[in-house]
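Engineer: Here is how the chains run, residue by residue.
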Amino acid sequence: MAEKHFSLQNAKTFSLFYESCHLVVFRYIYGMTGGPLQEVEDLTAESFFRAWKNRSQFQGSEQAAIGWLLTIARNMVFDAHRRRKVHPEVELEENWDDHYSYTQATPESRILEREQFRILWQLIQGLCPEQREIIILRYMLGWQVKEIARLTNSSENAVSVNLFRTMKKIQQNWPNE
Amino acid sequence: MLNSDDPQAQFDQPQAEHIFSLLNNFQPRPRQGFNHRMQQAPWNREGKQFFIKVVQSLRTFPVNAFAVFVIFLILTLLFFTPSLVSTARQIFQFFGVHDENSRSIEVTSTPISPSDTSLSEFKFSLSLAEAAKAANFPIKVPVDFPKGTVLEGAAYDETRQAVLIKYIGNGKTFLFTQRDESSVSEYASIGSSAPAELVTVRGVQGEFVTGGWVIQSLSENQSGAQTVNLVWENQAGMWTLRWEENGFVYEIVVASSQSVSLTEILAIAESMR
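Residue numbers (the numbering used here), protein chains in the order written: chain E, 684 to 860; chain D, 793 to 1065.
None of these hints come from the bench; they were simulated from the model. Values in this document were obtained by computation on a predicted structure and should not be read as measured data. Honestly, I wouldn't trust all of these hints.
[Unchecked claim] Only some residues are given here: those of chain D computed to face chain E with a beta carbon under 10 Å: (1) Ala808; (2) Leu814; (3) Asn816.
Just so it is clear, CB atoms sit at the ideal spot from N, CA and C, and this is done for glycine as well.
Turn these sequences into a full structure, and let the hints guide you.
Structural biologist: Structure below.
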């Protein structure tokens, strides 16, 4: 069955599109850059501005539109990464856990979970951009392997293999207490 | 998922599911300021954009805005003010339109009988050469006439500095008028209900009018001057074609009891040499 055509020409349609996917773009950029929040917001806004400016070039379904938008964001993140000659140590924002849903119930367990996330975040930010992207898309945004393959223009098998290796790398680099 | 009974065990050796759980629990959101900023995004103010651009262009180019306003004002006055409509017609067309379908002319010389029309005002006693000599400009005459049409004669109207040539035949009267454009101070007027059509004559714009002024009544005052009361009749049996060419104003008036088509008059006009 052919995918329904989705147009971004109309301002109202674009506004609805923004409402439906701006958090996806924001979280993708947040995961890829690690912050700070101001830079993430700037890159998110710029991604949508560029998409609006070039909307006549897009043709396809709504799902394809999200992919197209993330491609714009992806290029901007990679450019920003190249400009930072040495990737700085990215610390989590103060009060970052305002946006974290704790699984643990007790205060002690929560402190442990908090520390686990902090370590994981630092390990992810230490990965190369391609590996980091695959982890963010799969585990932070919950994308399927085939969707990641479409965005990164690679095969599903290549994505699965890369995902497995990256997970291994994170596990190996996990600090022993 | 995390095992709440023993989180330390998974801390040492995190599994894929554990990493997924940690990352999936983190759902950052932009700050409130970002949302305010995006409310001003171009897709949220596109409707206002056109108005803003117009206002900005008017501010940037006040002279242009003023010029547009002046042109608009002039056109409004010309086309929507009743007293100026006829003026506009005179600018864009050959004929002026009279306010009504009737008019009066005071005649101080030759008495006119009620059966006369303007065509009988002159005696066409000159030859073409004599008329051209009197006018002091070369005249154009038609070379392609319907069979049976003959030249009656020519005349020179000193008042209007115009050469008049009259042909008759087959129940039709043709009156040709040629004037130097510079001597034309005003154009003949037509009735307010006269059907006028813009046409192309000899490659230039001309006008074709059906109908004519006919004498309705005559009156005489105490000093003996006559007043001719004219009324415009669309069914007067008169057709007029006018145009301007190379500095001259040409007019062909055809009077006939039969119908005369535009094509017929245009063919005669095209044959003028």
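Engineer: Taking the hints in turn, state whether each one holds.
Structural biologist: Do the hints match the structure? See the list:
Evaluation of the Ala808 of chain D hint against chain E yields a held restraint, the C-beta minimum of about 5 Å falling below 10 Å. Contact between Leu814 of chain D and chain E, as hinted, is supported at the beta carbon level, the nearest pair being about 5 Å apart and thus within 10 Å. For Asn816 of chain D, the shortest C-beta to C-beta distance to chain E is roughly 6 Å, which falls under 10 Å, so the interface hint holds.
Violated hints are absent here; each numbered hint is respected by the structure.
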